[in-house]
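S.K.: Turn these sequences into a full structure, and let the hints steer you where they fit.
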Amino acid sequence: MGKLTFRKEERLSKEKLIQELFDKGSSFYLYPFKVYYMPNPDQDYPCHQIMISVSKRNFKRAVDRNLIKRRIREAYRINKGLLPVQNKLVIAYIYSVKDILPSAEIQERLVKTFKRLEHVEKI
RNA sequence: CCAACAAGCCGCCUUAUCGUUCCCCGCUCAGGCGGGGGGAGGAAAGUCCGGGCAACAGAGGGCAGCGUACUUCCUAACAGGAAGGACCCGAAUAAUAUUGGGUACAGAAAGUGCCACAGAAAACAAACUACCCCGACUCGUUGGGGAAAAGGUGAAAAGGUGAGGUAAGAGCUCACCGGCCUGAUGGUGACAUCAGGUGCUUGGUAAACCUUACGCGUUGAAAAGUCAAAUAGGCCCCGAUCCUGAGCUGCUCGUUCAAUUUCAGCAUUCGCUGGAAUAUCGGGGUGGGUAGACUGAUUGAUCUCGUCAGCGAUGGCGAGACCAGAUAAAUGAUAAGGGCUCUAACUCGUUGGAGUACAGAACCCGGCUUACAGGCUUGCUAUUUUA
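Under our numbering, the residues of the first sequence are numbered 76 to 198, in order.
Watch out, some of these pointers could steer you wrong.
[Stated by the list, open to error] Taking CB as the label site, the calculated pair distances span:
hint, residue 1, residue 2, range
1, Asn133, Glu183, 31 to 41 Å
2, Arg132, Ser178, 18 to 28 Å
3, Asn141, His194, 31 to 41 Å
4, Gln161, Ala137, 34 to 44 Å
5, Glu180, Asp117, 11 to 21 Å
6, His194, Glu95, 29 to 39 Å
[Stated by the list, open to error] Pairs of lysine-lysine residues, derived as BS3-like cross-links and limited to a Cα-Cα distance of at most 25 Å, are as follows:
hint, residue 1, residue 2
7, Lys135, Lys163
8, Lys163, Lys187
9, Lys187, Lys135
Read the hints as simulated data drawn from the structure, not as lab findings.
Don't be surprised by glycine CBs; every beta carbon is placed ideally from N, CA and C.
M.R.: In structure tokens:
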């Protein structure tokens with residue numbers, strides 16, 4: 076099991092890559108997330124890259140959006156060791172529920188998404 | 001005492017574990033690792049005003065457009081603030097004085113427009129009822145005139161009150177109050193006070209157009225600047241090859257279409273004339289510029305303390321401090337305990353339950369507005385309750 080860190084390198088910040096993910100990547104829905112994913116074109120990248128998004132339409136106030144993003148980020152940080160590292164992925168989590176869920180439930184659901192991401196083919 | 005109001009201030013804490021970003025120090029196998037320190041607000045919000053900063057535009061002036069509107073001051077600036085004036089509403093009083101609150105507070109005899117309903121009439125004027133005078137006759141009606149004093153309508157109706165006067169009335173005349181004009185005095189000024197004159201019909205609305213005075217270039221950090229990989233293409237030089245080649249227009253040949261051929265004219269580059277060149281491939285150089293990175297961008301109209309000037313907003317001087325700097329966006333997550341408020345129970349200081357607000361920096365400042373659980377300080381006591 077790796078270290079429980081979440082550094083800058085693990086965040087998805089390249090505009091081109093994000094655009095490619097939404098245009099060409101696959102997706103599935105698992106309550107409460109809509110997950111976009113695809114293999115990273117640069118397989119030499121040291122880790123997975125993820126981004127977290129909470130819609131302004133569902134949560135009008137910035138405080139609520141920040142709270143949910145922080146909870147998801149913590150859930151990923153603590154549990155990311157469960158995701159195999161052989162195939163480098165690019166993942167986007169979109170929180171698409173109108174209620175604020177407690178941390179325990181978010182963690183449980185996030186781990187379930189990992190099981191589906193295990194079977195993604197390499198390019 | 002409680003409670004309400006006004007102004008100002010604060011706006012959860014501790015520990016553990018796992019993290020995040022920036023700065024400093026040390027180590028390093030250059031990937032990082034270890035230690036120390038800093039890390040959301042009073043509104044960070046709404047984006048409603050005003051500036052700094054940047055690019056572009058710009059002689060000056062005018063028109064148009066937008067904004068502001070009692071005075072003086074403060075300020076980088078403001079639609080903000082301070083002090084004051086006038087008016088309006090209230091408290092208080094015999095009446096002042098005093099005191100709380102409010103005001104989009106320039107101009108309505110420059111012009112245009114509008115004024116619902118009601119009412120006779122809502123504005124170059126105008127008589128419904130009632131009143132007075134004169135005339136007519138069928139003798140209680142009618143015709144003419146006077147008159148804004150009375151009635152009723154309305155948000156608003158011809159300066160108000162009293163007296164004289166009159167057929168009845170009317171600033172018709174007079175006194176007081178109000179208005180307008182002129183002057184004096186005080187005040188930087190808005191204005192105030194006083195004196196004199198003037199009978200003084202001529203509504204309201206300018207958050208209706210408008211007029212006057214003053215101010216304003218446009219855009220907005222996704223601004224702007226610096227460095228700059230790969231690929232393609234531009235320009236220059238050298239070499240090689242083909243052997244005269246790019247582009248536009250017209251004609252012609254040809255074709256399913258497209259490409260292509262011939263001829264003529266134009267074009268571009270070598271500063272101009274003359275003359276020449278315009279292709280392809282390879283190598284080197286060069287400027288523009290994309291991804292990306294950096295600057296902008298956190299030391300500032302800054303904060304704290306003291307002191308001086310001023311009624312005050314605020315300013316001067318001196319000393320000290322550095323107080324977030326992220327960028328698909330950090331400032332956190334989880335657990336335990338404790339505060340605080342409300343509430344229920346009883347053994348009356350314990351236990352249980354619920355709540356702990358509004359809200360998250362995005363270039364930076366000055367304001368305004370709106371949201372806010374709970375608490376603290378100061379002022380005040382009109383009203384209510386208790387003694």
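S.K.: Work down the list of hints and note, for each, if the structure agrees.
M.R.: These are the hints, each one checked on the structure:
{"no.": "1", "hint": "Asn133 <-> Glu183: 31 to 41 Å", "result": "violated, 21 Å"}
{"no.": "2", "hint": "Arg132 <-> Ser178: 18 to 28 Å", "result": "holds, 23 Å"}
{"no.": "3", "hint": "Asn141 <-> His194: 31 to 41 Å", "result": "holds, 33 Å"}
{"no.": "4", "hint": "Gln161 <-> Ala137: 34 to 44 Å", "result": "holds, 38 Å"}
{"no.": "5", "hint": "Glu180 <-> Asp117: 11 to 21 Å", "result": "violated, 34 Å"}
{"no.": "6", "hint": "His194 <-> Glu95: 29 to 39 Å", "result": "violated, 21 Å"}
{"no.": "7", "hint": "Lys135 <-> Lys163", "result": "violated, 34 Å"}
{"no.": "8", "hint": "Lys163 <-> Lys187", "result": "holds, 18 Å"}
{"no.": "9", "hint": "Lys187 <-> Lys135", "result": "violated, 28 Å"}
When held up to the earlier numbered hints, the structure conflicts with 1, 5, 6, 7 and 9 and fits the remainder.
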